[in-house]
Structure formats: C-alpha cells, structure tokens
Amino acid sequence: MKLSEGESSIDVVLEDGVASLGGRAVPFSTRRSGAAIVAIEAGGESFGVRAVREGNRVFVWCAERTFEFRMDPPAGAKRTRVRPSAADSGGLLSPMPGRIRRVLAAVGDAVTRGQVLMVLEAMKMEHSIRSPRDGRLVRLACAEGDLVEAGVALAEIE
Amino acid sequence: MKLSEGESSIDVVLEDGVASLGGRAVPFSTRRSGAAIVAIEAGGESFGVRAVREGNRVFVWCAERTFEFRMDPPAGAKRTRVRPSAADSGGLLSPMPGRIRRVLAAVGDAVTRGQVLMVLEAMKMEHSIRSPRDGRLVRLACAEGDLVEAGVALAEIE
Amino acid sequence: MDALPRRLLIANRGEIAVRIARTAREMGIEPVGVFESSDAGGFHVGHMARSIDLGPGGPAETYLSIPKLLKAAESSEATAIHPGYGFLSENAEFARAVAGAGLLWIGPPADAIQKMGDKLQARRRMREAGVPVVPGSDAAAAAIDPSDEELLRRGAEIGFPLLVKASGGGGGKGMARVDRAEDLPAALEETHRVGLSAFADGRVYLEKFFESPRHVEFQVFGDRYGSVVHLFERECSVQRRHQKVLEETPSVALDPRLRESMGRAAIEAARAVGYVGAGTVEFLLDERKNFYFLEMNTRLQVEHPITEETLGLDLVRAQIEIALGAPLPPPWRGGKLLPQGHSIELRLYAEDPEDFLPRSGRILLWEEPAGPGVRVDAGAGAGTTVGVDYDPLLAKLVVSAPDRRSAIERARRALSEWIVLGVETNAPLLAAVLASPEFRSGRYSTDLIGRLPSRARPQPPDAAWIAAALAAGDGGSPAAPAVSAPARSRDPWDERSGWRLGA
Amino acid sequence: MDALPRRLLIANRGEIAVRIARTAREMGIEPVGVFESSDAGGFHVGHMARSIDLGPGGPAETYLSIPKLLKAAESSEATAIHPGYGFLSENAEFARAVAGAGLLWIGPPADAIQKMGDKLQARRRMREAGVPVVPGSDAAAAAIDPSDEELLRRGAEIGFPLLVKASGGGGGKGMARVDRAEDLPAALEETHRVGLSAFADGRVYLEKFFESPRHVEFQVFGDRYGSVVHLFERECSVQRRHQKVLEETPSVALDPRLRESMGRAAIEAARAVGYVGAGTVEFLLDERKNFYFLEMNTRLQVEHPITEETLGLDLVRAQIEIALGAPLPPPWRGGKLLPQGHSIELRLYAEDPEDFLPRSGRILLWEEPAGPGVRVDAGAGAGTTVGVDYDPLLAKLVVSAPDRRSAIERARRALSEWIVLGVETNAPLLAAVLASPEFRSGRYSTDLIGRLPSRARPQPPDAAWIAAALAAGDGGSPAAPAVSAPARSRDPWDERSGWRLGA
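Chains as they are written, first to last, in this note's numbering: chain A, 1 to 158; chain B, 1001 to 1158; chain C, 2001 to 2503; chain D, 3001 to 3503.
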C-alpha cells in the first residue's frame, strides 16, 4: 500500500517477514505482548513500537518518537478526516483549531500584505490572521463565532 | 441474552435505555469517554464501569469491584475456554493451575480418605492433592510433569 | 477546625479537578464534578463520585458561569467549592457569591483576590510594604490612570525595550513588548483594547524590560489567625510564549541568603493583603540577582506538586483544612520544614513542539511513565477528546530524586516511557530542554527555549514504516492487522472480542 | 569508584526487572533483558534496550540456568549482572560464576550468600555475634546434624506447637508447623524430603513457635571498606501462607530505643558475614517486644521501595555504585538519614482473594492508580499473559504520605482506582486489610489476615449486569457493542480502526 509521512511517500508491501519499502527489501520480525505487536526487529536493531490507525491516518510510536502516516484509501472508500494542507487550497489557512472571534475585512475589500483580516482565538489566546500579500478579498469562508479546524481555508485573496 | 455470574443466572435484554434484568425493568443511561462507555446510570445512581469480553466470558469492573459473567453462546458457535466446574466432573479436580510433580497412586489402588494421591506444584509451592473419600482409583487423568488448568479432573475415585 | 464537608464541588476540569478529587476522597469527602454537555466524556468526570451537567454553550456558559456553579452545588448538596486554577479561581465576585450562598470557599478571601488582581493597586501596595517591584510607569508619584501622553513620556524615561501591561492582566496575558518609541502608541491602544475586552479594565502601565531574567516564585500559606509562612521557591524560567513548560525546585539561582530575603518579601506581600490560604508570589530575578515583585497568584498553582514532593506535603489538603479554620501546622511555622532532594515538573501539552500552536483530536493510545520517583497528574487518557475550547495541558509529569542531576536523568527516562498517539504533544520540546547544556548547567533564563537549536524533523526508521503498514491492516500480511490490537483468530467469539483488548 | 558498565544484564523478569532497568537507564547504562521463549511477550522485555532469548524449557532451563545467563551476557556484551530477587539472586554458585567470567556481580560476596543461605550455620554465627536467635534444637551444645531421635527429644524440651525447618529453606519454604508430639516424626520426614529435593540439603532443625509475632526487617548496606549501616525497618507482618502481602515503614511496634537495638543487631548480623551491598535482616518480634534473628536475605527485597520513599533514595543505584567500589555515602554513615512520613506497599497478586490460590489468564484491561504520593512498580499490563510457571506478583502499589493515617487513606483511594480485568487479583483482600480496625490501630501481627471477617462475595449491581450485556454485544442494543471499545460507525475506515482504541 501507499503510505506517506511528512514529505516522503512510499509503497510498502509486507510478505513473509520481508518488507518492501519503496522497492528496498527489509527483513523484519515482530514481538508480541498478548496478541499485540510491541516490538519490531529490522536491520539487526530492535525497536519498541506502538501503532494505531484512525480513518486513513496511522499513528506510530517508534524509537521514542511519534509519527503520523497517511494511507491512500482503497478504491471506493470515501476519504475521511484528511487535514487539508496548503496544497489543497489557494487561500488563507487556519494555523490551528480555534474560534473566529472577529472578521475585519469584507469580500471585495482591497487588502495589503500583513493586514489583519481576522482574529482567531484558541486556548485563551488571540492570534491575528494576516493577508499573505496585497490583493482583493474574493472569498470569506468563515464568520465570527465559527469553530475552525487547523488547515482549513478561511479566505481567498486574488 | 442469558448471563450468569457466580450462582445467579438471568436473562438480560436491553432496549431503548431500559434493561430487563430477569424480567425486572431498569431504566439506564450511559456516559462515554471518546467512544467507550465509562459510566452507567441506573436506579438514580451513577457507576463507573469497564467491561471487556473474551470468548464467552465478560469481565466487568463496577462499583470498584470486578465480576466475571458467562454468556450462553449463540446457537452454532462452539463453546470456548469454559473453565470446567465441579459439576462437569465426577472426580478429583485441580485446585489451581500448575504442574503435576508426583503421582503417588496407580489406577486400581485402594485409597483412603485424606491420602495424598499427587503433588501439584504452582508458584514455587507444593500442594498435596488428597483423596476426598475411601474407595478405589478408577481413572488417572494426568501424569507427572503435566501442566493442568484449574478445575480440570485429575482422577476419579469409586 | 470546623467539621469536614460531606461533599465538595470541584468547579474545574482536567488534571486539577482529578488532583483535587483524589485528596477529597482521601479525606472522606465526596468529590462532585461539573461538565459542559459536550465535555461529558471529560477525563475528570470519571474521577468524581458524581458530576453535574452544566449544559451547553462552551466554557463561558458553564465552567465560568457563577449562577450555574452555585446551582450545581445546591442540587448536589455540596457545601464547599474548590475552584482549582484558571476559570473562576481568581474571580473575587465568585468567591463572594460562594460565601454569600453559605458555602465554604476553598481559597483566599475575596478581598485579597481583588487587591492582587488589580496589578496597579497590587504594585502600589507592594511598594508600601517595602517589597521591590519592577520599575515602571506607576512610580510612587505617578497618577493611577495616566494619559497616553504621560505614558509616552514615562516610556522614554524607562527606556526601550519595555513592556506594556494591562492592569487587569497577568500570567502572560494582556502584555506587549515594545522595542522602539514609535511603536509605543499602537501598543498602548492594543493593550487598552485587550484589557477592556478581556478584563473590563482599560488601564495600562509600562514596565522595564529585562533581557534574560529568571522567574522564581514562592509558595506562601496563611491562616485565619494572621500567621503567614513560605514553603520555599519554584524555578519557573522555562517558558514558551510567556507560559511555563517546566518547573523545578530548589532553584539553582538562589543561595541561602537570597532565598531568605525573597522568602521574607513573599511573606510581606501576602501579609499586605491579609492573605489566607495558598498563594504564590512571583518574582523576576535579574542577572545581578536583584529580585522584583511581578504578581501574586491567589490560587493553587499548576506546578504545586514539586513543592509537595520535596516537602512531603499535600497542599490541597492544607487548603481545605485552613479554609475550615485550622491554624498552620506547627512544623510549618517552626521553620522545621526542610525540602529534601530535587523535583521537576514537565507539562505535557497538546501542541506542535515547534511552533507551539495547539493541537486537537482524540487520544488513541496513552501509556504513562511510572516507577521510582515518578508521579503523573493526568487530565487525559486513552479515548479523551482534546478540543479547542480548553487549555491544552494534558498531564503533568513530576519526578523527584536525591539531587538535580539524577532528577534530570529520571525525567528523561520517564519522558521516554510516555506514549501518546492520536494527538501531537510537546514531548520533543521537553526532551530537548532536558538535553540542553544550558538547562543542565542550571544557568538559564526565560529565553532558554528560544535559544534551543532548531530540531530537525526526524525521519521515521524502517521499523516505523513497517509498523504503520501492519496497523494499516495489509491483508496479505501474516502479522496482526493492528500493531496494538490482538490478532484475528478462528474462534467466532474471539473474532469480535479480540478487538476489545486493553480498550 | 570504577567506571560504569555500558550494559547491564538483568537476570530476572517481572516488575523487578523493569525496576532495575529504569535505574540503569537513568545512570546511562543500557539494560539488557532475558526471557524464556514462551515468555517473549513478558512485560519486562518492553523495558529493555534489547533482550536475549534464553530458549524454551521453563524457568529451570532459562532464568535459573547459570550457563545460559553467562552466555547471554557475553553475546550482548554486558559486563555486569543484576540478579534481582528470587531465581538465582541468593545462589552463591551463580555469584562466583559471574565473577569468574570477569563480570561485575551486583550483589553481596558469594561467601556471605552461602553463610546466610545455610540457616543452621547462620544461626550459629548470629549466636556467636551476640545476635538473639529464635530458640531452637540447635542450641550452642547441639550437634550440627542431629539424629531424628535427638530432634524428638529436643522437640519435647522446646514444647508444642513448634516449627520444623529445612536448613536450606527460607522465605516460608521448607517449613512445617507441628502441634502435637505424635505428628513430629512425619513432619521431620517430610521436611527432610523437601529439603533434599528443593535445596539438596536434608538437614532440619526445630524452632520455638510464636502464636502471634510480628515480622520486622531492617534494610542494611555495607561497602567494600568495612562500613555497614542500616536504613531503618520495614514492618512485614501482613502475610498469607507465610508470604508478605503488605509492608509499611515505620513500624508502629518500635519505639526509638527498640529501633536502635534492633538496628544495631542487624548491623552486627551483616558484619558477622563480611557483608557488602544491600541486604535485609529479618527479625521476629514477640508480644513482649523481644526480638529474634529469623534470617538474612542477601539480595534486594521486594518491598525495598517503601524504604526508598521515606528516605528519598534509589537503592538499586546504591547497589550498583557500591558494587563498583564506591564507599557508603557520607550522610548514610553520619546518621544524617532520617525517614520522612509514612510509606505502605501493597502487592497485587494474580490469585483468588479468598483461598489465595494462584490464577492465570490474560490481562484484558489494566488501569493504574496515579497522582499524589502514588508510585506503581508494575510487571504486567494490558495484554500480559499470566502463567503458572512464575510468581503471581503482578505489580506493587507504593503510597507515601505525611503520616500513617493519611497513608492508609491514600492507599485505599489508589487501590480503588486500580482496574484489572481478565485475571482475578487479591485487590479485595488488600482492601479488607486496609479497612480492618486491627490494621488501622497498628496493633496487629502475622495472624491478621487469618482473623479478618470472611468477605461475602458481593452481588453485581444492576449496572454491572447492564455493562456485561453491552459488552456481550447484544445486537439489538443502541449502545456500543463493547463498553470499553468505541461504537461502530458508518465510516468503513472507522469500522475496522475503531476497535484499536487504546489497545
């Protein structure tokens, strides 16, 4: 299957104790506690591991660090809970989950680089959302009081 | 479904927030943490609960005590991991899981009440298995070195 | 001392609500919790004898609603209220309302809260009590609420950079750093606005800015009978965005003489407002070891456990007993109390370890550190949903050891045992602090985190890719479909039940 | 002190292997584990930097196999071995073999182990050193290995009931109580047999039996340079089947004078065998506060954490440093060490709480207590399989508080937070002990558990039946199919992943 983490994205196939990582063959073995795998030996080294899948994300603890992998959904299954990335959107993205406290510009306004367009409140702190460049506000994807996830488009500047 | 705990065994049916416990109707509600139910309100009282099923056994923590329920398997499903009870066997039962260290009687021997028939070792301690009554040893279900579960028949006295 | 209340309402959530509930149980008091409807699955609810649903509407309509909290106490027949920290803990009006309703308030007198809550008033009282305060625009002669023109003049005198602070602010809120005179007017305007919107108090003042100071605070306790003592210091200089990340005691910056004079100043500060109960006096310590009063927190502090560990005390129990009219324990007054060993608290936040922005989600796996010298005060666990409406603090790891060096190694060991999946945490930041030569040397200040070398995002080792593939449930794999869930089996019972393992 | 080893082989399993690994990590030493093939999923393995498979064959062929353990050390390049407790920890031959292989032995000299392992020899040495021993058949004059005839005569002199003990025994093993003279011959024969089979030593002796004594032990430490100190006592009278269930320190049975004379005797006992490292001298204390030497455990004790908690020490670290040639820390010798507060250890066993018979199975759910004053040293967790080949100790709960009363309340609070499903535990017995007036008064002895009122098996409340039905997955139910597993959802991804929650 296709897995991605950060910028890297590779095809992973597991067969008879050998993993093919983007074509590179890596022999591995697993150690279980009860029925759960708690360690993986690969390349002569042993790593304590934990992994849990939710939706199309797989969270992994390994070598005392955590990693978040994304998997390409099988054909037919609908994509769920993919956090939109900058790539997915031409516009202004929410830097974190929070509530839109104030919107300081309206669609059609000419805006200048650095101008505060809205104020996002999260964790008892206010964060100013500024225009990335000079231009015109062509779309406003949120209103005051809205709860927004991290990475969702808030507005679009042309 | 039919559930038993200790000596009691009743039919339990859950419907729209009302439990029928052996015919008695008990309204209840549940509280979840994430998606798991962690508390049940019944009869005006709230109880923290946990429950896990394994095979046909359901382990429950409630009111700061643990209980082990047994469920009647649905038709067709094979019964698994039922710890044999005295009822299941006419003979001498293993009091605990352990290893048979020595067998001190042979089939056909006349045995007297209290006579040590075998020695079971568990947790670094030896436990004498004695004859419950005078009679004759007609069946020996284990040999020295055998690993035995709790409650399995070890021998039969006539 | 009055009789113990049968039930105590804990007007809070998260780890501090659990912390308070534990002591209540140990005292034979039933802890009663509260929750916002959408927070019914909150971790704290599971630790209460019972909990009251405060309805929907977010914190403002629930954990911050005085009438709803009083109603909850009434309906649950709780006769005492502990506010924890944050929320209404430093709200004098709430303290009055609780007493007004005939309930026991586990906290300082409303009056003391008010006097310390108004930073300008507090600074004046401290000066009068002979406690040094950070030099600022409100010098003895100055007007209580000077015009911006006057503030601009004062700013020039104080020099840049300086800090603009809202009189109603505190804890890093309502505060702006200004580097150049021309930026001051805008900063004044912004701070007026924040002060008004956040604290309904537009007054602002200017403070001298220190490049790399330390934040050292003293735990104080007062009783109804006029005795006030200090329970030694906590070093709180490891901060990000003006918020504490790691605290330790004792502070390597203090020698016995400095400790004694700061302790005395802390006691004076508390006396000056007739303080009763647990409070914390925060000082700023400059490079030349001059100390200045910053503010007093009139409540239990997040980092109170490190004081409990080095002194072997239960501060929540002491809060309750003192609120019931008990005098300070004789050993506290006799100066018999001596800290033993070294204790460090690490705050695990749901946030990006690089940019410190809060993260939300659901915790799918949670394994806590344990063993010798390890205490965990958690407000989250497997299954907990971390939302955006509340503080991102997930849990506190408190380690204790005979000396600072072994405490640091113990902290690193314990941190490496902590496994949280599903929500990103600041664990890598905490590990970086513990590993930094500056922190380990003890010679660090509030700019420590800013000076940490940037941490390259680690590449997942092969084993991580393999684990991910296993958990993703590659059908062709002979291994378990999930690394942390049991393998399938032929037994129809197991088929469905196996998944419940350890859930 | 010599340089620290880079790797330490931990020749044990369960909680003590984890305990030792934690201190090793904190000292910068890589902990190397071992496991029997079928024990590869053992909880301890997860806490090691790496672990060596000792092959199949049960404990005798693995954890008790000297050659295999030495081979494991060699293959893993470990230069030191810590035996933990049990298994080979008190095996002089192993201690010699480790030293012989040029490895560092984290324990007392083989010689001291041998001298204390032979109970008859140990009793003689104690008498010579002026340490009181329990009156027995081996009085000064007596032959080392008397005939049964002579023992029968001695028995008559000592009086009944009395104890028949195997010279190689200890810790409740190889010991029989005899109430009537006519039962003595059979008991002698049985004890000869057990002694031969278990310890290859058929010698037996008789001891006066005390109806309701207390067991109080002293932690001692010696260094290479002849200094020996004691680290105060542990009260170990709460026992079932001659095995400890709960320990506390300090002991309410000791006043300062008695503590001092027992402490001195403990030091004498250690000196008498040239002791180096950590050891424990067990005393029997009768109703009239006379104390008698019982035996010395030449290893780390299961209950060592309560000493660590009240003194703020890490005894495993001290073991390693002393084995490396460090002298005892000056404060230990200067008598500067003073216990603070009260500490209690509760042993959670996989056993029937009524008849104490061991239980086996797989742990399906495991939630540990936490918070102020709580330390958990666990050797099991969710997913752990509890077998019959090993000690049934699952974990130890260690609570500390300023005084005994609050320590007991803290223990009850913490115990009530402990959730273990899948394997029956003795938690109800522990709760009953903490609740018993006899224990709470402090006036109890080794017969405490036998005198507890029998506990009626509680009937499950309605909520328990409902929870069971929910977990059983009643198709018709709108609730989650499992109480501790997430609900189903429409999302095909969730369908399979949901089950993994918190696994």
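A portion of the hints provided could be inaccurate.
Stated by the list, open to error - Straight-line distance between alpha carbons at most 25 angstroms, and here's what the computed DMTMM-like set of lysine to aspartate or glutamate pairs gives:
no.: 1; chain 1: D; residue 1: Lys3173; chain 2: B; residue 2: Asp1146
no.: 2; chain 1: D; residue 1: Lys3071; chain 2: A; residue 2: Glu41
no.: 3; chain 1: C; residue 1: Lys2336; chain 2: D; residue 2: Asp3447
no.: 4; chain 1: C; residue 1: Lys2071; chain 2: B; residue 2: Glu1068
no.: 5; chain 1: D; residue 1: Lys3336; chain 2: C; residue 2: Asp2255
no.: 6; chain 1: D; residue 1: Lys3068; chain 2: D; residue 2: Asp3053
no.: 7; chain 1: C; residue 1: Lys2289; chain 2: C; residue 2: Glu2268
no.: 8; chain 1: C; residue 1: Lys2336; chain 2: D; residue 2: Asp3462
no.: 9; chain 1: D; residue 1: Lys3068; chain 2: A; residue 2: Glu41
no.: 10; chain 1: D; residue 1: Lys3071; chain 2: A; residue 2: Glu121
no.: 11; chain 1: D; residue 1: Lys3173; chain 2: B; residue 2: Asp1072
no.: 12; chain 1: A; residue 1: Lys2; chain 2: C; residue 2: Asp2462
no.: 13; chain 1: C; residue 1: Lys2336; chain 2: C; residue 2: Glu2354
no.: 14; chain 1: C; residue 1: Lys2173; chain 2: A; residue 2: Glu144
no.: 15; chain 1: C; residue 1: Lys2336; chain 2: D; residue 2: Glu3128
no.: 16; chain 1: D; residue 1: Lys3068; chain 2: A; residue 2: Glu45
no.: 17; chain 1: C; residue 1: Lys2068; chain 2: B; residue 2: Glu1149
no.: 18; chain 1: D; residue 1: Lys3289; chain 2: D; residue 2: Asp3053
no.: 19; chain 1: C; residue 1: Lys2289; chain 2: C; residue 2: Asp2462
no.: 20; chain 1: B; residue 1: Lys1002; chain 2: D; residue 2: Asp3403
no.: 21; chain 1: C; residue 1: Lys2068; chain 2: B; residue 2: Glu1041
no.: 22; chain 1: C; residue 1: Lys2208; chain 2: C; residue 2: Asp2179
no.: 23; chain 1: C; residue 1: Lys2173; chain 2: A; residue 2: Glu126
no.: 24; chain 1: C; residue 1: Lys2289; chain 2: C; residue 2: Asp2403
no.: 25; chain 1: D; residue 1: Lys3208; chain 2: D; residue 2: Asp3462
no.: 26; chain 1: C; residue 1: Lys2336; chain 2: C; residue 2: Asp2352
no.: 27; chain 1: D; residue 1: Lys3336; chain 2: C; residue 2: Asp2403
no.: 28; chain 1: C; residue 1: Lys2173; chain 2: A; residue 2: Glu45
no.: 29; chain 1: C; residue 1: Lys2289; chain 2: C; residue 2: Asp2183
no.: 30; chain 1: C; residue 1: Lys2173; chain 2: A; residue 2: Asp146
no.: 31; chain 1: D; residue 1: Lys3208; chain 2: B; residue 2: Glu1126
no.: 32; chain 1: C; residue 1: Lys2071; chain 2: B; residue 2: Glu1121
no.: 33; chain 1: D; residue 1: Lys3336; chain 2: C; residue 2: Glu2260
no.: 34; chain 1: D; residue 1: Lys3173; chain 2: B; residue 2: Glu1045
no.: 35; chain 1: D; residue 1: Lys3173; chain 2: B; residue 2: Glu1041
no.: 36; chain 1: C; residue 1: Lys2173; chain 2: A; residue 2: Glu121
no.: 37; chain 1: D; residue 1: Lys3208; chain 2: B; residue 2: Asp1146
Hints in this document: simulated from the structure, not taken from any laboratory.
Verification of the supplied hints:
no.: 1; hint: Lys3173(D) / Asp1146(B); result: holds (23 angstroms)
no.: 2; hint: Lys3071(D) / Glu41(A); result: holds (21 angstroms)
no.: 3; hint: Lys2336(C) / Asp3447(D); result: violated (39 angstroms)
no.: 4; hint: Lys2071(C) / Glu1068(B); result: violated (40 angstroms)
no.: 5; hint: Lys3336(D) / Asp2255(C); result: holds (22 angstroms)
no.: 6; hint: Lys3068(D) / Asp3053(D); result: holds (10 angstroms)
no.: 7; hint: Lys2289(C) / Glu2268(C); result: holds (19 angstroms)
no.: 8; hint: Lys2336(C) / Asp3462(D); result: violated (52 angstroms)
no.: 9; hint: Lys3068(D) / Glu41(A); result: holds (22 angstroms)
no.: 10; hint: Lys3071(D) / Glu121(A); result: violated (61 angstroms)
no.: 11; hint: Lys3173(D) / Asp1072(B); result: violated (43 angstroms)
no.: 12; hint: Lys2(A) / Asp2462(C); result: holds (15 angstroms)
no.: 13; hint: Lys2336(C) / Glu2354(C); result: violated (44 angstroms)
no.: 14; hint: Lys2173(C) / Glu144(A); result: holds (22 angstroms)
no.: 15; hint: Lys2336(C) / Glu3128(D); result: violated (43 angstroms)
no.: 16; hint: Lys3068(D) / Glu45(A); result: holds (22 angstroms)
no.: 17; hint: Lys2068(C) / Glu1149(B); result: violated (57 angstroms)
no.: 18; hint: Lys3289(D) / Asp3053(D); result: violated (49 angstroms)
no.: 19; hint: Lys2289(C) / Asp2462(C); result: violated (50 angstroms)
no.: 20; hint: Lys1002(B) / Asp3403(D); result: violated (49 angstroms)
no.: 21; hint: Lys2068(C) / Glu1041(B); result: holds (22 angstroms)
no.: 22; hint: Lys2208(C) / Asp2179(C); result: holds (11 angstroms)
no.: 23; hint: Lys2173(C) / Glu126(A); result: holds (10 angstroms)
no.: 24; hint: Lys2289(C) / Asp2403(C); result: holds (23 angstroms)
no.: 25; hint: Lys3208(D) / Asp3462(D); result: violated (52 angstroms)
no.: 26; hint: Lys2336(C) / Asp2352(C); result: violated (44 angstroms)
no.: 27; hint: Lys3336(D) / Asp2403(C); result: holds (16 angstroms)
no.: 28; hint: Lys2173(C) / Glu45(A); result: violated (48 angstroms)
no.: 29; hint: Lys2289(C) / Asp2183(C); result: violated (30 angstroms)
no.: 30; hint: Lys2173(C) / Asp146(A); result: holds (23 angstroms)
no.: 31; hint: Lys3208(D) / Glu1126(B); result: holds (24 angstroms)
no.: 32; hint: Lys2071(C) / Glu1121(B); result: violated (61 angstroms)
no.: 33; hint: Lys3336(D) / Glu2260(C); result: holds (24 angstroms)
no.: 34; hint: Lys3173(D) / Glu1045(B); result: violated (48 angstroms)
no.: 35; hint: Lys3173(D) / Glu1041(B); result: violated (49 angstroms)
no.: 36; hint: Lys2173(C) / Glu121(A); result: holds (13 angstroms)
no.: 37; hint: Lys3208(D) / Asp1146(B); result: violated (38 angstroms)
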